[in-house]
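Undergrad: When you get a sec, could you build the whole thing from the sequences and use the hints?
Each protein sequence line maps, in turn, to chains H and D.
The first sequence: position 146 = 146 (the numbering used here), numbered continuously.
Quick note: to get the numbering used here, add 1000 to the position in the second sequence (first position is 1).
Don't take every hint at face value.
[Unchecked claim] Cut-off 27 Å, straight-line C-alpha distance, at most; resulting in silico cross-link-like pairs (BS3-like, lysine-lysine):
hint: 1; chain 1: D; residue 1: 1160; chain 2: D; residue 2: 1291
hint: 2; chain 1: D; residue 1: 1094; chain 2: D; residue 2: 1291
hint: 3; chain 1: D; residue 1: 1094; chain 2: D; residue 2: 1481
hint: 4; chain 1: D; residue 1: 1291; chain 2: H; residue 2: 143
hint: 5; chain 1: D; residue 1: 1456; chain 2: D; residue 2: 1440
hint: 6; chain 1: H; residue 1: 143; chain 2: D; residue 2: 1481
hint: 7; chain 1: D; residue 1: 1260; chain 2: H; residue 2: 143
hint: 8; chain 1: D; residue 1: 1124; chain 2: D; residue 2: 1434
hint: 9; chain 1: D; residue 1: 1481; chain 2: D; residue 2: 1260
What the hints contain is simulated information worked out from the structure, not anything from laboratory work.
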Amino acid sequence: MLIAAAVLFLLLRLLPGDPANALVSVGADPEQIEAARRQVGSDLPIFAQFVRYLGQLASFDLGASFVSGVPVLEEIGRRLTLTLPLTALAFTGAILIALPLGILAAVKRDRWYGSLISVISQLGVAIPVFWIGILLVTAFAVKLRLFPSSGFPTSGWWRDPLAALHQLALPILTIALVMSASLIRYVRSATLDVIGSDYLRTARALGAGYGEALVRHGIRNGAVPVISILGIELASTLLGAVVVERVFSLPGLGSMLLSGIEQRDYPSVQGVLFISTLLVLLVGFAADLVQRLVDPRLRGPSGARP
Amino acid sequence: MTASPVRSALKPLSVLKATTTATLLLMGLAPAFAAESGPDATINVGSLYEPQNLDNTAGAGQGINEAFNGNVYEALFRLNDDGTVSPSLVKDFKVSEDGLTYTFTLQPGVTFHSGDPLTSADVKWSIERVTSSDSKSSRKNSLKPIASIETPDEATVIIKLSSRSISLPYNLSYVWVINDKAKDLQSTEDGTGPYALEGWQRGSQLAVKRFDKYWGPKPENGEVVFKYFTEATALNNALLTGAVDVITSVQSPDSLAQFKDNPDFTVAEGKSTTKLLLAYNDRVAPFDNVKVRKALARAVDDKKLLEAVWGEYGTLIGSFVPPTDPWYVDLTKTDAYDPESAKALLAEAGYPDGFTFTIDTPNYDPHPIAAQFLQGELAKVGVKVEINVITANEWYTKIYKAHDFQATLQEHVNHRDIVFYGNPDFYWGYNNPKVVDLIKASEEAKTVDEQTEKLKEANIQIAEDAASNWLYLYPQIVVSKKSVTGYPLNGLNSQFFAYGIKKAE
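TA: Below you can see the structure in the form of structure tokens.
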């Protein structure tokens, strides 16, 4: 974590530009520019800036945005109330789409629809996210007027969950579609492994039907690799929603990161990356836990898979 | 004002202490039910310019002028949409014979949104905020002639100047009058305008609500919500789907067709003050040579560029002064497009085979397109252009501050900004003593006519010197639903007065 913080700190300072520039405009005189630099601390030597930053981190103080003056942690908290539910819903949607389709694509791989699912998911991986978003907006918002084209549920999540869901339907669908495209492929190959396995053959030899054998023995076995993929996908969506947030003008964590970088607002950028690193670690830990629950073999003292 | 209901509801860390306040605020401030149309209608305004914070002396960006000037904050004077200046919080004023003492009488019965009455002390405090050492206001310099501010009684403000300043009323139109007891102006406000801040969700929207104790005429609507977008396409879709009623300033010309051909929308074109220019570093060779600058001005077909970017919209300009400034002169004939004479001038200047230079190009529209166009045009007269793409932030460090460049593309948005050519230390380094003197003398003029004459002369001179290469003036296009009327068309200095906007059934 410390190394990550140091690397991040240095990389940010390598970008040309100055955070003070976000505070001045054309017409500012040299004294005003110097005052702005003093205010954000960019007039100090890099090492002094780094020491100051470490001191703040140690007391879990992420500082305040250079540009808006708002404490970074407070702003991240506000952004997470959008990003976390958005990611969680999209993630659930993706699982609901990908699991049945992926298994179907594997089991019925000789049928035309099995192949069709594979082809479509392959396409889905190749299509850029923003394009899917724009297509959905054009179809469901501009033409059919079923959902709003952009924006954030201003009443908040809890006062009117249905309105919020309606407002965010298209971004959720966009992320879910993109996620499920790659998930389908993993589920399919995991299922294929299971189908070809000895234990399934044994189960069937013992008299279980194909479907029964697959459900009783297959899902548990196939789930282990899929869960670790799910963990990675979930982690990358937390920040990977940047593009979707932009297309739908959503005030999430990703858009905070993006505008922070544009304005060289170091506290915001560092704060977002610090918190998201924490989240990614948490997700990875959770994925590990779930794997152990699903597969008793991983619970051994060594934790090694056979 | 304290925290808005919307914001406190979203702030998990301070929920406990905020609950009581939030409940009170919810009862008092939240609109009972936003009306769809009529005198209490909510007007949804779509914009690409979200303010960074709420303080125009702390680097808030142009978005704060759009949302707050004339709506939430008022000044002693108001810059009207037609470019004229009229008294606002000033009831009347006297100027002494020598032009060095201004005595202002304030409007009676003016109340801040917090309930405090407006006094001369608030005015003094507000002006000193802008001229203070840590102010980041780009207008700080124009208020330098102010020597002292006196407040003999609650309704009178006396400003003493060290030298005449004919633009004082105009310059004061930028100085928000704020309650001198106000705190945390980056996220709250306490102004005298027709609307009070209701809530701001960063990255999403800012709402202002009609202030019932407003001293002036009652606004034509009950609430204005500025909705912010980062993508022009998303903004257009929001108008198409009815999520916003009006777009303050359309920046994507190709999207206009869908509104123009649709009877549900109005497309209105006003005059902007945003100029696109190729600014040379006039300090360095070859741009220290007037002949070279004139040659490059003649080598570029501005009309072709304007049409390529904006189609039928926008205006050609021959200098830095837009038609809404009083000292506008049509100078498009000075160094008009003429590639043959451009080649001849280059040869005269000692560059018969041309030369190579780099244009530092901001990475956002329309600069990259303009740079490529210039590359093509200048190649025809033998001048080779290298394009170096930089970010807006880098531009300030490399060009504005360090003057480390040969030429750069930039859009300049302000009204009455010809004065930059009177400052030899400005980034483009144009230094003609005659222009410096004219601009200085214009500010010390005794009458507006004298000021206008002097600035006209300066204007003609900078065009004659081809100080920069002025490419075109942006159009100012406002698109709205047909049922929505009464919005300002020109949006000078990004202002967007919302009090006149009506929404019919």
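Undergrad: Has the given pair, residue 1291(D) with residue 143(H), been kept, meaning a C-alpha gap of at most 27 Å?
TA: At roughly 56 Å apart (the allowed maximum being 27 Å), residue 143(H) and residue 1291(D) break the hint.
Undergrad: Residue 1094(D) and residue 1481(D) were given as a pair; does the straight-line alpha-carbon distance stay at or below 27 Å?
TA: Judged against 27 Å, a Cα distance of about 44 Å means the pair is violated.
Undergrad: For the pair supplied as a hint, residue 1160(D) and residue 1291(D), confirm whether the alpha-carbon distance does not exceed 27 Å.
TA: violated (45 Å)
Undergrad: Sort out whether residue 1434(D) lies within 27 Å of residue 1124(D), counting only the CA atoms.
TA: At roughly 36 Å apart (the allowed maximum being 27 Å), residue 1434(D) and residue 1124(D) break the hint.
Undergrad: Regarding the pair residue 1094(D) and residue 1291(D), is the alpha-carbon distance no greater than 27 Å?
TA: With a Cα-Cα distance of about 48 Å, the restraint between residue 1094(D) and residue 1291(D) is violated, given a limit of 27 Å.
Undergrad: Please work out if residue 143(H) and residue 1481(D) have their alpha carbons no farther apart than 27 Å.
TA: With a Cα-Cα distance of about 17 Å, the restraint between residue 143(H) and residue 1481(D) holds, given a limit of 27 Å.
Undergrad: Going straight from one Cα to the other, do residue 1456(D) and residue 1440(D) come out at no more than 27 Å?
TA: It holds: about 13 Å lies between the C-alpha atoms, which stays within 27 Å.
Undergrad: Between residue 1260(D) and residue 143(H), does the CA-CA distance stay at or below 27 Å?
TA: holds (18 Å)
Undergrad: Between residue 1481(D) and residue 1260(D), does the CA-CA distance stay at or below 27 Å?
TA: OK: residue 1481(D) and residue 1260(D) at ~11 Å, within 27 Å.
The structure fails hints 1, 2, 3, 4, 8 (numbered hints given earlier, in ascending order).
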